[in-house]
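Undergrad: Please put together the full structure from these sequences, using the hints given.
Each chain, written out:
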Amino acid sequence: MFRRRVPVLDSVTIWFCDRAIDAAVDDSVAAALLADGIHFFGRRPVSAAPRAPFCMIGNCFDCLVEIDGETNLQACLVTVRDGMRIRPHPGNGSGDRDDKGKA
Amino acid sequence: MKHLDIAVIGGGLLGSAFAYGLSADGGRVGLIDEGDHAIRTARGNFGLVWVQGKGLNMPDYARWSLRSAYAWTPFSEQLHAQTGISVEYHRPGGFYVSIDEQEFADNLALLKQLRNEAGEDGYDYEIVEPSALRKQLPEIGPAVPGATYCPHDGHANPLKLLRALQEGFQLNGGVYTPRARVTLIVPLKSGGFEIHCDGGHRFGSDKLVIAAGHGSAELGHHLGMEIPIFPVQGQVVVTERAEMTMAYPTNYVRQTDDGNYLLGPSARDVGFNDETETTTLRDITRRCTTAFPHLKRLRVQRSWAALRIMTADGFPIYLQSEAYPGAYSFSCHSGVTLAAVHATDVSRWVLDGQIPSRYSCFHPERFNVPA
Chain U
0 MFRRRVPVLD
10 SVTIWFCDRA
20 IDAAVDDSVA
30 AALLADGIHF
40 FGRRPVSAAP
50 RAPFCMIGNC
60 FDCLVEIDGE
70 TNLQACLVTV
80 RDGMRIRPHP
90 GNGSGDRDDK
100 GKA
Chain G
0 MKHLDIAVIG
10 GGLLGSAFAY
20 GLSADGGRVG
30 LIDEGDHAIR
40 TARGNFGLVW
50 VQGKGLNMPD
60 YARWSLRSAY
70 AWTPFSEQLH
80 AQTGISVEYH
90 RPGGFYVSID
100 EQEFADNLAL
110 LKQLRNEAGE
120 DGYDYEIVEP
130 SALRKQLPEI
140 GPAVPGATYC
150 PHDGHANPLK
160 LLRALQEGFQ
170 LNGGVYTPRA
180 RVTLIVPLKS
190 GGFEIHCDGG
200 HRFGSDKLVI
210 AAGHGSAELG
220 HHLGMEIPIF
230 PVQGQVVVTE
240 RAEMTMAYPT
250 NYVRQTDDGN
260 YLLGPSARDV
270 GFNDETETTT
280 LRDITRRCTT
290 AFPHLKRLRV
300 QRSWAALRIM
310 TADGFPIYLQ
320 SEAYPGAYSF
330 SCHSGVTLAA
340 VHATDVSRWV
350 LDGQIPSRYS
360 CFHPERFNVP
370 A
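Read top to bottom, the protein sequences are chains U and G. Under numbering that gives the first Met the number 0, the letters of the first sequence match residues 0 to 102, in that order. Under numbering that gives the first Met the number 0, the letters of the second sequence match residues 0 to 370, in that order.
To be clear, the hints were calculated from the coordinates, so they are not data collected in a lab. Among these hints, one or two may not hold up.
[As the list claims (entries may be wrong)] DEER-style ranges, computed between Cβ atoms:
| no. | chain 1 | residue 1 | chain 2 | residue 2 | range |
| --- | --- | --- | --- | --- | --- |
| 1 | U | Gly-82 | G | Glu-102 | 33 to 39 Å |
| 2 | U | Ala-48 | G | Val-368 | 55 to 61 Å |
| 3 | U | Phe-39 | G | Leu-109 | 47 to 53 Å |
| 4 | U | Asp-17 | G | Gly-198 | 56 to 62 Å |
| 5 | G | Leu-187 | U | Ala-48 | 50 to 56 Å |
| 6 | U | Asn-58 | G | Arg-365 | 40 to 46 Å |
| 7 | G | Arg-133 | U | Gly-68 | 41 to 47 Å |
| 8 | U | Ala-48 | G | His-362 | 47 to 53 Å |
| 9 | G | Leu-107 | U | Asn-58 | 40 to 46 Å |
| 10 | U | Phe-39 | G | Glu-193 | 55 to 61 Å |
The beta-carbon is built from N, C-alpha and C at its ideal position, and this holds for glycine as well.
TA: Below you can see the structure in the form of structure tokens.
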């Protein structure tokens with residue numbers, strides 16, 4: 000869906016689960032993952048719907064991932080670092096409300 | 000010049016509810032909306048459909064809010080069926096959570112008085128002790144001395160409500176005109192009105208509803224109507240989405256269908272300033288994390304401020320012009336709670352040509368002190 004407009008000169012290696020990814024040194028995590036063809040960043044907490052970055056400027060919170068063990072980070076606001084370990088945001092899919100509004 | 004049976008000025012929650020309700024009758028209804036440089040109060044709502052605690056010294060307002068809460072279920076179902084938009088209305092009842100003994104005592108005194116004023120109509124609420132409260136709201140904090148529960152309270156998504164109303168209005172055949180700030184209203188000898196707008200739009204209408212939020216005060220002057228309203232700022236904080244733990248809305252915290260928590264709203268008199276500031280946001284988050292400590296673990300996504308349309312007693316203004324009986328002006332700060340009666344009852348008043356006398360309590364003459 001996305002491709003780089005300029006070639007990567009200085010690269011670092013980051014990890015998405017068990018997958019090694021070459022990223023440009025100044026990529027955001029979101030940009031690096033998208034450039035590598037990753038469109039699944041995690042799941043919505045309630046509906047468990049899959050999600051991917053929407054705004055890329057820190058507003059939509061649809062790019063949340065886990066980075067080096069820290070959860071709930073916005074991938075579009077974090078710059079890559081060599082050896083970084085990224086995992087998708089775990090939606091637990093607690094389900095929709097019933098019609099009484101109860102979870 | 001476009002001719003309308005009814006022109007509604009104002010594309011916020013009130014104007015859109017009237018436009019939706021009025022257009023359902025089949026007439027030619029136009030909704031005239033200023034634009035995004037207007038004070039967009041309807042973009043800042045908290046989203047409670049709330050009855051509890053409302054109507055002190057005015058039982059008619061307590062009844063009015065309750066009437067709307069009852070009307071909300073068929074109203075939201077009809078909107079959904081017609082537009083396909085769910086406004087996420089839930090009515091599990093709501094809790095007023097106090098965070099210290101004094102606040103708890105004050106709230107109990109308030110509700111007791113409201114029940115006294117309601118007389119034989121009754122005023123439904125229960126006092127909930129902390130142990131029982133923990134069963135309904137498991138995340139409640141240890142400092143909370145208790146809460147009150149009202150079975151009529153609920154909540155909805157105010158942005159989806161606004162969108163559904165405008166969509167439903169257009170499906171009813173209504174004509175929405177954006178970027179049209181009204182600059183002049185001319186009453187005609189025939190009883191109708193001529194409405195001039197920025198951008199060259201001009202409308203003729205038999206009837207006219209002014210529901211322009213803070214703009215209503217100025218627009219009323221074109222027809223000699225005094226609308227005594229002023230802004231009270233509210234700030235709201237929204238957290239990231241989290242798993243669903245809150246089955247009920249409360250006075251200061253609710254969880255949306257997406258899992259976000261909304262915290263707030265504050266109430267400050269700062270004129271037309273609609274910027275957030277740190278001390279108020281701190282007070283909101285302190286209060287809400289005292290009531291629900293688990294919120295401390297969540298990230299804040301954003302915050303905003305909006306400007307309520309307030310009156311001296313906090314109750315709505317529903318006014319029909321004496322000089323030009325085809326003109327009405329409606330203002331209030333409870334655009335979400337009262338949306339259901341605005342789209343039904345109040346729209347019916349305009350179609351019938353008269354505000355029933357039992358609702359004369361909402362006439363602004365109540366603010367005039369007899370000499």
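Undergrad: It remains to establish, for every hint, whether it holds in the given structure.
TA: Verification of the supplied hints:
| no. | hint | verdict |
| --- | --- | --- |
| 1 | U:Gly-82 / G:Glu-102: 33 to 39 Å | violated (51 Å) |
| 2 | U:Ala-48 / G:Val-368: 55 to 61 Å | holds (57 Å) |
| 3 | U:Phe-39 / G:Leu-109: 47 to 53 Å | holds (50 Å) |
| 4 | U:Asp-17 / G:Gly-198: 56 to 62 Å | holds (58 Å) |
| 5 | G:Leu-187 / U:Ala-48: 50 to 56 Å | holds (54 Å) |
| 6 | U:Asn-58 / G:Arg-365: 40 to 46 Å | holds (44 Å) |
| 7 | G:Arg-133 / U:Gly-68: 41 to 47 Å | violated (32 Å) |
| 8 | U:Ala-48 / G:His-362: 47 to 53 Å | holds (49 Å) |
| 9 | G:Leu-107 / U:Asn-58: 40 to 46 Å | holds (42 Å) |
| 10 | U:Phe-39 / G:Glu-193: 55 to 61 Å | holds (57 Å) |
In this structure, the earlier hints numbered 1, 7 are contradicted, and the remaining ones agree with it.
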